[in-house]
Amino acid sequence: MFQRLFQWLDERLGLTSIHDVVLDRKVPKVNWWFTLGSASLFLFLLQGVTGIFLTVYYVPSPDHAYDSVQYIMNEVRFGWLIRGIHHWGATLMVLVVFIHMLRTFFYAAYKYPRELTWLSGVVLLLATLGMGFTGYLLPWNQRAYWATTVGTEIPGTIPLIGPFVTSVLRGGADLSALTLARFFAVHIWFLPAVIAATIGLHLYLVIRLGISHIPDEND
Amino acid sequence: MPNSPKMTRRQFVTVIGAGLSAIMGTIVGLPAIGYLLSPALEKQKGESWIPLGALEKYPLNQPTLFTFTRAKKHGWEKTVTSYGVFVLRTSETQVRVFSNVCTHLSCRVNWKEEVQEYVCPCHDGHFAIDGAIVSGPQPRPLDEYQTKIEDGNLFIFLKEA
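Sequences listed follow chains A and B, in order.
First residue of the first sequence? That's 1 in my numbering, and the numbers climb one at a time after it.
First residue of the second sequence? That's 1 in my numbering, and the numbers climb one at a time after it.
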């Protein structure tokens, strides 16, 4: 029964060939450091799911942001768990993505023909840091407010265009409702879209080119 | 178990992988359902006895307006609703309390001393001193509250929708 159902679907969807191409690839002998890419992908999906759940109650307005986070933490059932996973998952994701980059660097896996995999990885690392930066403001507490004040002040030191960059980030001269709204938009729409698309490219290249072996005495 | 006849290494990894996924899915999935249903599962305490003060301060046979507000919490936001009731003391110990909400379309009625009736300003509904319909489009008499008197203080029983 299930066999026949599977065959019916497989014939139309090509499930077996997808499995063969995507998962049943030849890989060199690797170690645990090579699991960090999958771990990054898992954390991105986890952040996506918990983030979607948080938007059910979170409101990105100075009048309600702090109170709605307090509501999630203290009154919504398992709100503490969903936000806790999102909070710690964010920190862990930055860590895992960064170590993933270090592994690629120290094993020299960024060389020919994998330059584009490395470059798309750079985009992913920067976008992940961007997620951390924009997400930090959203609870709208003192720490969030002043961290973002300082964080948007830093590009202000760039010669000539600095103050303009700061006001683009803040949506005006001061940190305000506009800052919160645009950080929220970047956090839940712009950056996730960039990350999802770049992950697509990154994985396509990993599947197309395979992964490089650990350097040995012949290299 | 590299040479186990019962299970290959690949099968073992598949089973362990599926098992761990199921456990993690349950740990995250079940609370997620509770998370979404949460506000629907909260019980709003909609019933309470509202104190209207000492009974003796209300004049006999003279409807007197008493207003109060009730705050309701929706998530992180408070909504304040104002209520108005007419207290009609019919004897030393007896009292009737009517809502000032017109039963037609929920405008607020006023007590008109000169005609001895409650009059609704919206569609000219008239109610007698005991809340009964005199004239107008309203379908039923003014709503009346359940009352109690404790230590000379008047209370009404409020059920919020």
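Simulated from the structure, these hints should not be mistaken for lab results.
Do not take every clue at face value.
As the list claims (entries may be wrong) - Derived lysine-lysine pairs resembling DSSO-like cross-links, with alpha carbons at most 30 Å apart:
1. 57/B - 148/B
2. 43/B - 73/B
3. 6/B - 29/A
4. 6/B - 26/A
5. 159/B - 43/B
6. 112/B - 43/B
What the hints assert, rightly or not - Computed, partial: chain A to chain B, Cβ under 8 Å:
7. 53
8. 60
9. 70
10. 71
11. 73
12. 77
13. 78
14. 81
It should be emphasised that the depicted structure is a prediction, and the values quoted were computed from it without experimental measurement.
A virtual CB, placed ideally from N, CA and C, is assigned to each residue, including glycine.
Results of checking the hints against the structure:
1. 57/B - 148/B: With Cα atoms ~16 Å apart, residue 57/B and residue 148/B stay inside 30 Å; holds.
2. 43/B - 73/B: Measuring from Cα to Cα gives roughly 11 Å; hence the hint holds.
3. 6/B - 29/A: 26 Å, holds
4. 6/B - 26/A: Holds, at roughly 26 Å.
5. 159/B - 43/B: 14 Å, holds
6. 112/B - 43/B: 40 Å, violated
7. 53: Given a least distance of 6 Å, the restraint on residue 53/A holds.
8. 60: It is violated, given that the least Cβ distance between residue 60/A and chain B is near 13 Å, above 8 Å.
9. 70: Where the cut-off is 8 Å and the nearest Cβ of chain B is about 7 Å from residue 70/A, the hint holds.
10. 71: 4 Å, holds
11. 73: 11 Å, violated
12. 77: 4 Å, holds
13. 78: Nearest chain B Cβ about 4 Å off; hint holds.
14. 81: Hint holds; residue 81/A Cβ to chain B Cβ min 5 Å, cut 8 Å.
Hint compliance for this structure: hints 6, 8, 11 are broken, all remaining hints hold.
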